[in-house]
Amino acid sequence: MAASAPLAIRLRGVVKRFGSITAVAGLDLDVPVGTCVGLLGPNGAGKSTTMKLLTGQARPDEGQASVLGYELPGDSKQARAQSGVVPQLDNLDTTLTVEQNLVVFAHLYRLGRRERRPAVERALAIANLADRRDTRVDKLSGGMRRRLLIARALVHHPQLVLLDEPTVGLDPQVRQELWALIDRLRSEGTSILMSTHYIEEAERLADSVVIMSHGRAVAVGPPQRLIEEHAGAEAVEVYGPPARLAEVEAEAHAAGLATRRTGTSVALLRLNGHAPAGDRRPANLEDVFVLLTGEEIQ
Amino acid sequence: MTTAAPRAARLRRLERPAIAGVLVREIINFSSFWRSTTFSATVEPTIYLLAFGFGFGSLVSEVAGYEYVEFVGTGTVATAVLFSSAFPGMFSTFIKYKFQRTYDAILAAPVDVEELVTAEALWIGVRAGTYGCAPLLVALAFGLDPSWGMLLVPFFGFLAGFGWAAFGILIAATATSIENFNYVISAALTPLFLIAGTFFPIDGLPGWAQTLAQLNPLYHLVELVRHAAFGFEGAADLVNLGVVTGFGLLMWRLAAWRMEKRLIE
Numbered sequence: 001m002a003a004s005a006p007l008a009i010r011l012r013g014v015v016k017r018f019g020s021i022t023a024v025a026g027l028d029l030d031v032p033v034g035t036c037v038g039l040l041g042p043n044g045a046g047k048s049t050t051m052k053l054l055t056g057q058a059r060p061d062e063g064q065a066s067v068l069g070y071e072l073p074g075d076s077k078q079a080r081a082q083s084g085v086v087p088q089l090d091n092l093d094t095t096l097t098v099e100q101n102l103v104v105f106a107h108l109y110r111l112g113r114r115e116r117r118p119a120v121e122r123a124l125a126i127a128n129l130a131d132r133r134d135t136r137v138d139k140l141s142g143g144m145r146r147r148l149l150i151a152r153a154l155v156h157h158p159q160l161v162l163l164d165e166p167t168v169g170l171d172p173q174v175r176q177e178l179w180a181l182i183d184r185l186r187s188e189g190t191s192i193l194m195s196t197h198y199i200e201e202a203e204r205l206a207d208s209v210v211i212m213s214h215g216r217a218v219a220v221g222p223p224q225r226l227i228e229e230h231a232g233a234e235a236v237e238v239y240g241p242p243a244r245l246a247e248v249e250a251e252a253h254a255a256g257l258a259t260r261r262t263g264t265s266v267a268l269l270r271l272n273g274h275a276p277a278g279d280r281r282p283a284n285l286e287d288v289f290v291l292l293t294g295e296e297i298q
Numbered sequence: 299m300t301t302a303a304p305r306a307a308r309l310r311r312l313e314r315p316a317i318a319g320v321l322v323r324e325i326i327n328f329s330s331f332w333r334s335t336t337f338s339a340t341v342e343p344t345i346y347l348l349a350f351g352f353g354f355g356s357l358v359s360e361v362a363g364y365e366y367v368e369f370v371g372t373g374t375v376a377t378a379v380l381f382s383s384a385f386p387g388m389f390s391t392f393i394k395y396k397f398q399r400t401y402d403a404i405l406a407a408p409v410d411v412e413e414l415v416t417a418e419a420l421w422i423g424v425r426a427g428t429y430g431c432a433p434l435l436v437a438l439a440f441g442l443d444p445s446w447g448m449l450l451v452p453f454f455g456f457l458a459g460f461g462w463a464a465f466g467i468l469i470a471a472t473a474t475s476i477e478n479f480n481y482v483i484s485a486a487l488t489p490l491f492l493i494a495g496t497f498f499p500i501d502g503l504p505g506w507a508q509t510l511a512q513l514n515p516l517y518h519l520v521e522l523v524r525h526a527a528f529g530f531e532g533a534a535d536l537v538n539l540g541v542v543t544g545f546g547l548l549m550w551r552l553a554a555w556r557m558e559k560r561l562i563e
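Chains as they are written, first to last, in the numbering used here: chain A, 1 to 298; chain B, 299 to 563.
Treat the hints as calculated values from the structure; they're not laboratory data.
Be aware that a few hints might be false.
[What the hints assert, rightly or not] Below, simulated BS3-like cross-link-like pairs (lysine-lysine); rule was C-alpha separation at most 25 angstroms, straight line:
1) Lys559(B) / Lys139(A)
2) Lys396(B) / Lys559(B)
3) Lys396(B) / Lys139(A)
4) Lys559(B) / Lys52(A)
Please model the complete structure; the sequences and the hints are all you need to start from.
Here it is as structure tokens:
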């Protein structure tokens, strides 16, 4: 990574413990200005704690953290003033209208008297909720609520947006709509850190992904490069009864290939010129993810 | 090399825009539930006033040199202030940070815990100061003579309401579940409410209870309000004001400290 590129987020050796549990264990993380970085990892890998560290809601025990050039936790307030946060769990004011929710955050983000009205209109337009401005939040659909949650984080035109599992629990249609929204944000030059466990989401939106496991970054890079480095260009899927799959695994390991179970098949990876029989497909980020974070559930 | 943004002026503690932002949120939210809150905050103490005023009032016509309805009418101002500050301080705060995760949203903006707690206590204090006037207005309707000192009652109510709101926030920040509030209500609020000189003068109580009343900020609020209606007593009221103010400052600092521990990991 070019050392001279300005960074929206820079973490070095960050450690965060909760009692005897180490949630983040020496994390290095860079988000270059104007890029979208996907933070991938299984449940318990430390993604949510990392997000909390970045918003100043958790203080690191060790290491350095800076956001938009401000050192955390000391200057976290300055960093927060120029960042937007989309939390994983909806925390909108449900008895208020769409517009009132945005107005509240225009105040919390200290927009001036004259800036507030246009900022709220802009946010309504981004979320495509202008015709719902007077609807109470508890009357909105799940997808609309999530759009409002994102719009609320953008009301002050932040330089950095932190998205914590932005599409979790939503229909595929709604998810695609949100992807378009995030993609537009990125094309406008906003820096984005997005934690997700939908691998497709990271593959589509992220310029670079960081795969976390046990509180550390175990792989960093553009999705395509990580796939080539860790899984190879192609994968071969072999289907069969469980006993057959175990045999296939043993043979593959003997030949120096990597494997992963997909439930109904075994995927053979890192083919290196081997051409085993089976269904060929391009390797994907999910292969890398499972190879690096392990098959067991953490 | 990591500087991605021009450095803005360093943000300080207890900034006005942060406190104003939290207040705006509260005021807009209040517009959606003010009817029920106002109803209970004004009707409840009024019922106390009428029940005690006419119930006891038929047995005793005068207490401590005042007509009983006037004695209770001024005393229940403190009840109204307590009910409309300590309870929202406890329950709304707990619900906002635990169930609605509102505080996560606010703290992601440039607002610190101290500012959040301060704004919440200020807003509840303003409401308590306003609602505290309800029993006084009822008493006026039943024949209490107006006096200039009464104009200070909303201010006294605000000051005490701020302290009780901060007390409530302190409890909310310490409690692990909403059921824990029962201990506080039964062991602290109910006794303090009864030995505040609201319904009967404290001179008739045993010595230890009188000492306890002297330490009870609610008693000092009752005294302030009564003297605002019937005539201030100089040094004694400065002490009363000092206790109410000191209680507010102490609770404010404790609430900010505990909430910070609770919300920032």
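Which numbered hints does this structure break? 1
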